[in-house]
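Visitor: From first to last, the protein sequence lines are chains F, P and B. This note's numbering puts the first residue of the first sequence at 1, with every later residue one more than the last. This note's numbering puts the first residue of the second sequence at 1, with every later residue one more than the last. This note's numbering puts the first residue of the third sequence at 1, with every later residue one more than the last.
Hints were generated in silico from the structure; no laboratory data involved. One thing to keep in mind: the hints can contain errors.
Said to hold, decoys possible - If you anchor each label on the Cβ, the simulated ranges turn out as follows: (1) F:His84 <-> B:Ser107: 45 to 53 Å; (2) F:Glu276 <-> P:Leu75: 26 to 34 Å; (3) P:Arg86 <-> F:Thr114: 25 to 33 Å.
Predicted model, so just to flag it, every value in this text is computed and none were measured. Backbone N, C-alpha and C define an ideal beta-carbon position, used for all residues, glycine too.
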Amino acid sequence: MQSSLHHTISRKFSIGILCLLIAFPLMATYFAQEFYIGLLSRLMIFALVASSLNLILGFGGMISLGHAAFFGSGAYVVGILMQHGVTSAWISWPAAMLTGFLLALAIGSVSLRTRGVYFIMITLAFAQMLYFLFVSLKNYGGDDGLSLAQRSVTGLDMGNDSNFYYLVLAICTIFLFILYRLINSRFGRVIQAIKENETRMEAIGYPVFRYKLLCFAIAGSIASLAGALLANQNMLVSPNLLHWTQSGSLMVMVILGGVGYLSGGMLGAVVMLMLEEILSGYTIHWQLYLGIILLLVVMLLPNGLASLPQKFMSAKKPQGDQA
Amino acid sequence: MNITLLLEHSLNGLQFGLMLFLLAAGLTLIFGIMDFINLAHGSLYMAGAYFAASFTGMTGSFWLGLLAAVIVTALLGVVLEVVVFRHLYQRDHLSHVLATFALILIFNEGSRMIWGAQPLMLNIPPQLAQPVELLPDFFYSSFRLFIIATGLAVAGLLYFVVTKTRIGMLVRAGASNREMAVTMGINIKLVFTLLFAFGAALCAIAGALLGSILAVQVGMGESILILAFVVIVIGGIGSIRGALVGALLVGLVDTLSKTLLPGALKLLMPLEMAANLGPALASILIYVLMAGVLFYKPQGLFPARG
Amino acid sequence: MSVLQLKGLVKRYGGLVATNNLSLDILPGEIHAIIGPNGAGKTTLIHQISGAIAPNQGQIIFNGEDVTATSMHERVKLGLARSYQITNIFQSYTVIDNLSLAIQARSGSSMRFWRKAIYEQALFEKARQLASDIGLAEHCNSKACELAHGEQRQLELGLTLATQPKLLLLDEPMAGTGHEESGKMLELIAALRGKAAVILIEHDMDAVFKLADRISVLVAGSIIATGTAEQIRQNPEVKKAYLGDEMDIALKEVA
Numbered sequence: 001m002q003s004s005l006h007h008t009i010s011r012k013f014s015i016g017i018l019c020l021l022i023a024f025p026l027m028a029t030y031f032a033q034e035f036y037i038g039l040l041s042r043l044m045i046f047a048l049v050a051s052s053l054n055l056i057l058g059f060g061g062m063i064s065l066g067h068a069a070f071f072g073s074g075a076y077v078v079g080i081l082m083q084h085g086v087t088s089a090w091i092s093w094p095a096a097m098l099t100g101f102l103l104a105l106a107i108g109s110v111s112l113r114t115r116g117v118y119f120i121m122i123t124l125a126f127a128q129m130l131y132f133l134f135v136s137l138k139n140y141g142g143d144d145g146l147s148l149a150q151r152s153v154t155g156l157d158m159g160n161d162s163n164f165y166y167l168v169l170a171i172c173t174i175f176l177f178i179l180y181r182l183i184n185s186r187f188g189r190v191i192q193a194i195k196e197n198e199t200r201m202e203a204i205g206y207p208v209f210r211y212k213l214l215c216f217a218i219a220g221s222i223a224s225l226a227g228a229l230l231a232n233q234n235m236l237v238s239p240n241l242l243h244w245t246q247s248g249s250l251m252v253m254v255i256l257g258g259v260g261y262l263s264g265g266m267l268g269a270v271v272m273l274m275l276e277e278i279l280s281g282y283t284i285h286w287q288l289y290l291g292i293i294l295l296l297v298v299m300l301l302p303n304g305l306a307s308l309p310q311k312f313m314s315a316k317k318p319q320g321d322q323a
Numbered sequence: 001m002n003i004t005l006l007l008e009h010s011l012n013g014l015q016f017g018l019m020l021f022l023l024a025a026g027l028t029l030i031f032g033i034m035d036f037i038n039l040a041h042g043s044l045y046m047a048g049a050y051f052a053a054s055f056t057g058m059t060g061s062f063w064l065g066l067l068a069a070v071i072v073t074a075l076l077g078v079v080l081e082v083v084v085f086r087h088l089y090q091r092d093h094l095s096h097v098l099a100t101f102a103l104i105l106i107f108n109e110g111s112r113m114i115w116g117a118q119p120l121m122l123n124i125p126p127q128l129a130q131p132v133e134l135l136p137d138f139f140y141s142s143f144r145l146f147i148i149a150t151g152l153a154v155a156g157l158l159y160f161v162v163t164k165t166r167i168g169m170l171v172r173a174g175a176s177n178r179e180m181a182v183t184m185g186i187n188i189k190l191v192f193t194l195l196f197a198f199g200a201a202l203c204a205i206a207g208a209l210l211g212s213i214l215a216v217q218v219g220m221g222e223s224i225l226i227l228a229f230v231v232i233v234i235g236g237i238g239s240i241r242g243a244l245v246g247a248l249l250v251g252l253v254d255t256l257s258k259t260l261l262p263g264a265l266k267l268l269m270p271l272e273m274a275a276n277l278g279p280a281l282a283s284i285l286i287y288v289l290m291a292g293v294l295f296y297k298p299q300g301l302f303p304a305r306g
Numbered sequence: 001m002s003v004l005q006l007k008g009l010v011k012r013y014g015g016l017v018a019t020n021n022l023s024l025d026i027l028p029g030e031i032h033a034i035i036g037p038n039g040a041g042k043t044t045l046i047h048q049i050s051g052a053i054a055p056n057q058g059q060i061i062f063n064g065e066d067v068t069a070t071s072m073h074e075r076v077k078l079g080l081a082r083s084y085q086i087t088n089i090f091q092s093y094t095v096i097d098n099l100s101l102a103i104q105a106r107s108g109s110s111m112r113f114w115r116k117a118i119y120e121q122a123l124f125e126k127a128r129q130l131a132s133d134i135g136l137a138e139h140c141n142s143k144a145c146e147l148a149h150g151e152q153r154q155l156e157l158g159l160t161l162a163t164q165p166k167l168l169l170l171d172e173p174m175a176g177t178g179h180e181e182s183g184k185m186l187e188l189i190a191a192l193r194g195k196a197a198v199i200l201i202e203h204d205m206d207a208v209f210k211l212a213d214r215i216s217v218l219v220a221g222s223i224i225a226t227g228t229a230e231q232i233r234q235n236p237e238v239k240k241a242y243l244g245d246e247m248d249i250a251l252k253e254v255a
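One chain only, chain F, in its complex shape:
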């Protein structure tokens, strides 16, 4: 049965990618290119946070310019707890997720009463408020940010980049899979349908506000988890993680990858960060070229990178008919 509300993933493709990712650190170590292990950890972390934004933005139609608030808050929970002697990941990472969930619940309960550009501005406002709050906390680094004395304690040797990579890989795989099931569940259908026609959903009996709020909170909690991972990756938490330009950057990743496509967040994050990485290797003016590429994508690929396979398919069809 066809349904545009159901999103499939190619099992072969996913398993293939997963195998590659599992093999990667081994290959990197073999070729003495360990630096790239850290890069890939970073890619996966941003793939996770971008996917969490895609949940509310791409599938739910909630255009939030304040998602970085949850990303950064999660990182700060880890940093602050560590400063006070709580180093166990088993405590601080779930604490980060819980913080993100509650924060999103609070912000969402106010913001989701607005629409359109007002929603964008209110979410932005809350994120900026949190940004300034963290900047003012001199005890926790203030403007300069908070360094972590060590990575969170898990039982593994977290100082080893490979170990950390595999942990990040496991967590990201699990949570991206959770997002996949969520979107295809009853809840996910409702969320998508709310984006398509909110008034009608209300008129057929759905308490729309409740669904949006829960979705917003789930996304916030996953973003905070990603933030906790990033804090560990960088061993540093900066208030810039909460700045609106970070929210903007996340939004750009989702739009670039493809709004409302399962792989949108992943694709966008990976492509954007890889472009940054590759271009900055060639020229100090990489931002210029990144900007030009993004501009070209928005002009030529209205639905983002994830829509490329569809375009390829429909471009092939006419030739088949002529045969």
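Starting from the structure of chain F, add chains P and B where the hints point.
Guide: Relative to chain F, chains P and B alone:
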């Protein structure tokens, strides 16, 4: 806290507010009429500042530099509209966000490439370098007074154009009902291009004037851009009157809270805490103001759309 | 006992009184048409009954329960559902997806986060059945935006029916449908008689006289007459209100 200090800060707030108005006016019209989210608006402001610094350096005259900057930035606005924006009007807001975000990157890096990474100096014209005695023992920078005067003049000009001329009527019609304006056969393409040029020109004026007081540097657009968006949301999207009132509110609240709040907090809490909390609270206050306005008037103070 | 009681409803927009001390009783299972000249306040009335807007004064009692302050989705759960004059469906979804969403609201909780909804055979079977009932059996997998206008109106009604309402508010269901297409709509609405109450807002007088058990006439925000088709036809107040209007012509034609 004496009266003259309060007066000085208030005038500074007024001055900042009026410059914010120059940005907000263009932004509110572009968003209100074309439904186009332009994150690159701050970049035009930055471009205006950079051009002013360059041309002033080349010609030796602040005034020539300012004029040249306005013209060149307006042309830049036209180029952007024709090459990029025109193709995006039919697309959704997210496409606007992506495209204009890309432009921010291009503008920032472009400026670094042309003018280098160090901030540029833009000097106040010698004619306005001397402070003026407004009240006995109260001296105020004549350049800042000039900025206030310029801001008021632009506000007055805009008021005249929007309420008393035909093109102003078209703009207001477009702001309150875009589809209607188009179906009435107005050459909407030309109006849009002119609007962008005009918005860019206003940005250039603000950039040149504020650049002389602050600094001309990469990234100066981003910080003021957010304030400009807050202004138009407070004022009501599509309304110039709203942009003026909103800008004055934001300018005054921002300036006064940054200068007065730390002092006020010192009375309530230890010095160290006040020094940390003060600037943070001052920045947060703007957003609290916006949230407050939206609570009572969800469409802003003077919504253009009925 | 009435299925719906409107008591002294008042709705003001600034100086304009859209609903002026309106009272009305709807009997269970009846098809009750509300007619009136343009600007009489029909849509405002529907919005108040469905819960989209709140009245300034007055009460709305549904099956004995005061729902004046109840939210729209709560009213739908109680059995009060509306359809829209301007088609308000899920344009880019298929007919099955459209209907299954409405059915899903009534069959178990949607706070389910793991199981894939696409495997819910029962849900989609019900949707197919409903699609067949409303005459869209061949279009199950067509996108709503690809349907003809009349078919979209059928889908519009279908979405309302899927919520298993005890009272349907139909806002000009025949809007824009030509003579051939409206036949199916008439059939569907007539089939509701006895099973659910229907408030039918319509300009199509042909349909009104064919379907309605009782008719109320709404003029300037209040009901000036309620009765059978015959009573309304003879009512001098009604004739005055409609002088020269389409109803006048229709009255003359049908008489």
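Visitor: Kindly indicate which numbered hints from before are broken by the structure, ordering the numbers from low to high.
Guide: Structure breaks no hint.
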